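Those letters in the sequence shown? Residues 3 to 142, per the numbering used here, in order.
If you're looking for bench data, these hints aren't it; they were derived computationally from the structure.
Here the structure is a predicted model, which is why all the values come from computation and not from measurement.
Fair warning: there could be bad hints in the mix.
[As the list claims (entries may be wrong)] No more than 30 Å apart at the CA atoms, straight line, and that leaves these computed lysine-lysine pairs for BS3-like: (1) K43 / K85; (2) K88 / K136; (3) K135 / K99; (4) K88 / K99; (5) K136 / K99; (6) K43 / K136; (7) K43 / K99; (8) K43 / K135.
[Stated by the list, open to error] FRET-style restraints, in silico, Cβ to Cβ: (9) L106 / L138: 16 to 26 Å; (10) K135 / F108: 23 to 33 Å; (11) I137 / A111: 38 to 48 Å.
All C-beta atoms, glycine included, are put in the ideal place defined by N, C-alpha and C.
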Amino acid sequence: GILFILNEDGKDMVMLSSVGISHNVDKYLHRIPIGNLTIVKSLIEREERIQGSFKEADLVCRELLGVSEQVDYFIIIPLMEGKRLKGGMLLGFADRKSLTTQELNFYEAFAVQSSFILMNLGVYKRRFLDDIKKILSLQQ
3 GILFILNEDG KDMVMLSSVG ISHNVDKYLH RIPIGNLTIV KSLIEREERI
53 QGSFKEADLV CRELLGVSEQ VDYFIIIPLM EGKRLKGGML LGFADRKSLT
103 TQELNFYEAF AVQSSFILMN LGVYKRRFLD DIKKILSLQQ
């Protein structure tokens with residue numbers, strides 16, 4: 003799976019974390035243009051969960067994201083800050099054609115919690131930078 007955020011202009015995705023991704027791909031996956039990723043573009047347009055068969059998904063997406071040939075099914079869940087899309091959580095599953103309602107509810111709840119964590123990190127980062135600016139201005 004991949005946890006990513008969108009940069010400010012929404013043209014690139016920045017990977018925050020990955021599990022089960024090829025190490026060869028992991029090296030360059032930290033920032034990739036979303037213009038080549040149809041499933042991420044769909045997420046941005048719709049701002050709702052997208053799921054389906056990786057066999058039907060664009061092969062460029064599979065290659066760029068380092069998704070194994072064994073992964074049959076995917077889900078990509080938006081990470082929202084209020085009504086604003088901030089990123090997504092992409093999960094792939096081998097030997098699956100769908101997910102149960104209980105599994106979908108779990109992943110949706112996990113995405114909501116992840117959104118809160120990312121939002122809080124952003125707040126703390128802004129406060130930290132503001133404090134540093136104040137300290138530096140007092141030293142001058």
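Consistency of the hints with the structure:
no.: 1; hint: K43 / K85; verdict: 17 Å, holds
no.: 2; hint: K88 / K136; verdict: 28 Å, holds
no.: 3; hint: K135 / K99; verdict: 52 Å, violated
no.: 4; hint: K88 / K99; verdict: 28 Å, holds
no.: 5; hint: K136 / K99; verdict: 54 Å, violated
no.: 6; hint: K43 / K136; verdict: 39 Å, violated
no.: 7; hint: K43 / K99; verdict: 22 Å, holds
no.: 8; hint: K43 / K135; verdict: 37 Å, violated
no.: 9; hint: L106 / L138: 16 to 26 Å; verdict: 48 Å, violated
no.: 10; hint: K135 / F108: 23 to 33 Å; verdict: 41 Å, violated
no.: 11; hint: I137 / A111: 38 to 48 Å; verdict: 39 Å, holds
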